[in-house]
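Trainee: Here's the letter readout for the chains.
Protein chains: 2
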Amino acid sequence: MKVAILGYGTVGGGVATVLEQNEKKIAQYLGEDMTLAHILDLRTFPGDRNEDLVTDDFEKILADESVRVICEAMGGLHPAYEFTKKALDKGISVCTSNKELVSTHGPELVQLAKDRHCSYLFEASVGGGIPLLRPFSTTLMHERITRVTGVLNGTTNYILTRMEEGDAFETALLRAQQKGYAEKDPTADIEGIDACRKTAILASLAGGAYVSPDEIPTEGITGITSVDFDYARTNGYAIRLIGQVTLTGGATGALVAPFLVPEEHPLAGVHDVFNACIVHGNMLGNVMFFGPGAGDKATASAVVSDMLDAALHDGSHVFVNLTNVPALRMDDEAMMNRFFVRVDETAKNAAVRAFGEDITFMEARSVRGEWAFITPKISEQAFRDALHSLDEVRGYLRVLK
Amino acid sequence: MKVAILGYGTVGGGVATVLEQNEKKIAQYLGEDMTLAHILDLRTFPGDRNEDLVTDDFEKILADESVRVICEAMGGLHPAYEFTKKALDKGISVCTSNKELVSTHGPELVQLAKDRHCSYLFEASVGGGIPLLRPFSTTLMHERITRVTGVLNGTTNYILTRMEEGDAFETALLRAQQKGYAEKDPTADIEGIDACRKTAILASLAGGAYVSPDEIPTEGITGITSVDFDYARTNGYAIRLIGQVTLTGGATGALVAPFLVPEEHPLAGVHDVFNACIVHGNMLGNVMFFGPGAGDKATASAVVSDMLDAALHDGSHVFVNLTNVPALRMDDEAMMNRFFVRVDETAKNAAVRAFGEDITFMEARSVRGEWAFITPKISEQAFRDALHSLDEVRGYLRVLK
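For the protein sequence lines, the chains are E and V, in the order given.
Each residue of the first sequence is one higher than the last, beginning at 80 in my numbering.
Each residue of the second sequence is one higher than the last, beginning at 80 in my numbering.
Among the clues, some could well be false.
All copies of an identical chain are treated as equivalent in the list; a pair is satisfied when it fits inside any one copy or across any two copies.
Heads up, simulated DSS-like pairs for lysine-lysine below, C-alpha to C-alpha not over 25 Å straight-line [what the hints assert, rightly or not]:
| no. | residue 1 | residue 2 |
| --- | --- | --- |
| 1 | K480 | K427 |
| 2 | K193 | K456 |
| 3 | K104 | K193 |
| 4 | K103 | K193 |
| 5 | K193 | K165 |
| 6 | K81 | K103 |
| 7 | K456 | K165 |
Read the hints as simulated data drawn from the structure, not as lab findings.
My request is simple: use the sequences and hints to build the entire structure.
Mentor: Here it is as structure tokens:
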């Protein structure tokens, strides 16, 4: 069984390592060797052990009839989309960690794979190495999933963990970049775009109906300051960037935003670059998956698990619950959360008028000159309306119940 | 697709409920209805909605050629073993939560299922509703699993959580019984026998070689007192009953015992009847699965997920990594842990002589007249040897690193 890797970066290189280091276990499970035959990359890798396998010509890989599974680890939409389509069209299975491509064109690619009796698999696109996605298409298919809540982006979680310990945002970001957790242009991570794509994939799988990342209201972590952490610490909360999916009455609501998370909540215990995801099913209750959200070998291990699944089912289609049917979007009035709001101290009475008497005032050890409070559970729509009526809002966060 | 349930107790009743309440989702996934045709129980259930399905004659169920999947929820070895064999022998798949049967006769039953082109599945036997076992036979097959560490028994974890809050063992046990978490005869839970069976199943799946529960050294929680909790609290530990599997150099070591668990360790955050399991793979690193370890509907949901898998593959065998090959047993000298030991205060010098200068003395707020310490990492064998040379040992616990 020959395979190819598109993109010899962190994930692609990790896949080569896993194929090599766990060669025997793989051969034992598959019943034959899984041999890396080609690597597509525009760069050359002089001295690399796989130097001779590298080509910049995708057509050369396609022309090798013995290649049955391709790992797409290029990232980005183009030419990953075109290459994936060409491979699937030829009946070659494609396994990927590319959340941008999966969240944007996943349904079309899964359908194409089905039509061509091969597979399009993407376990590594959410939660790195955690075996999180497959249950949505297997063990949990009979459950009515009502909620998915996750810490899905390792970079922002690392930054928030450092800020919790006293770093300023800029310092924390710099440390993340030095450690290789954040890219030079960190926009996709810190603005919540990466978490949004993963949330879109989770929402689509959980409901069996497609949710586009474009439809998901997304807030990043750039607005969070040491003052927010002061309130959080004083009142027993952590701050986490949360991807939230709610499914009721046939509709799907999704949201990405930083939340105050009570210290006793399992997601508050997710530190550094770890990821975690809580899934609620109507019969099952809550289950949580936790593990390394980043790391070349962990993510690569998830890609390899897909490559093995595709290889074992070579010639047929491995089912994934990602469909073309667009999800019914939940009304903003049905999506409920509690909100933590900070306003200028002159705005106290206006805040009570806007949010009602049931708000809970919050104090922080070293903050003066402002008022902060937590609202009761209200809808996203009601929150926006009330917020508009208030001058001097200094910041807000949602609160995980 | 017709199915039958053997044993109409907590799990069997839960399976009937899941089949009923999630009927539509099940039919959608399976492509046809999954209809409950028979329930085997010696009791009658006047007024129950499934009253008419109940029979005390297993042969009647076997004679119904339309039954393709059976849920065995009788518990115990006999006649569950005989009934399972008869069903598999006829090519009927069997799905179970019966950890006693799986840990004792699982390999033989899986082999029989393979020979007869049907399936023997047991997701619900460990971790209740948590989709924990399937990855060992699918997504993790290419990983070299080196360690599995779990809180696997909800009843003892509930008791330990209550004791943490100040209850005496007897009071905590009584509360567990009142809540239905512990049986009238709680031996299997509090002596660690249930956790041992689950650890045996995990060890067998993780290494792909059979470990019998008889081979696993097992200590329960009956010896733990408020003094131990005093030390734990003072020094930042929780106490958890841990199932531990270590795999190196082709050998498997397994152990069930109460451990001191550092407060910052994820397993210290597992309270009440919840279960959690950390799996370490050579490429993956650590992943954790967390969820309801008990509860009729959660466990039943896991059984139903197996029933659907068996039904979708009716006529063929669903692979599980449980083999007849006996595991090579790890030498007691290779199994390393740190130990927390309490001795009479007169035995301090003897303790230093027995365990060496590297022991760390521990204090507890309200304990007088004794010495307590934590040893460096030593082997089970070395610990036993040292312990034998000491008089006046008041108690010991292992320490999770």
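Trainee: Between copies, within a copy, both or neither: which fits K456 and K165 at Cα up to 25 Å?
Mentor: neither (48 Å within a copy, 55 Å between copies)
Trainee: At 25 Å max between alpha carbons, let me know whether K193 reaches K165 within a copy, between copies, both or neither.
Mentor: within (14 Å within a copy, 38 Å between copies)
Trainee: Taking 25 Å as the upper bound on the Cα-Cα distance, should K103 and K193 be classified as within, between, both, or neither?
Mentor: between (30 Å within a copy, 24 Å between copies)
Trainee: Is it within a copy, between copies, both, or neither that the alpha carbon of K104 lies no farther than 25 Å from that of K193?
Mentor: between (28 Å within a copy, 21 Å between copies)
Trainee: Could you figure out if K81 and K103 sit no more than 25 Å apart (CA to CA) within one copy, between two copies, both or neither?
Mentor: within (15 Å within a copy, 41 Å between copies)
Trainee: Within, between, both or neither: how does the pair K193, K456 come out at a Cα-Cα threshold of 25 Å?
Mentor: neither (43 Å within a copy, 53 Å between copies)
Trainee: For the identical chains here, do K480 and K427 meet the 25 Å Cα criterion within one copy, between copies, both, or neither?
Mentor: Within one copy, since 24 Å is at most 25 Å while 50 Å is not.
In summary, the structure is inconsistent with hints 2 and 7 from the numbered list given earlier, while agreeing with the others.
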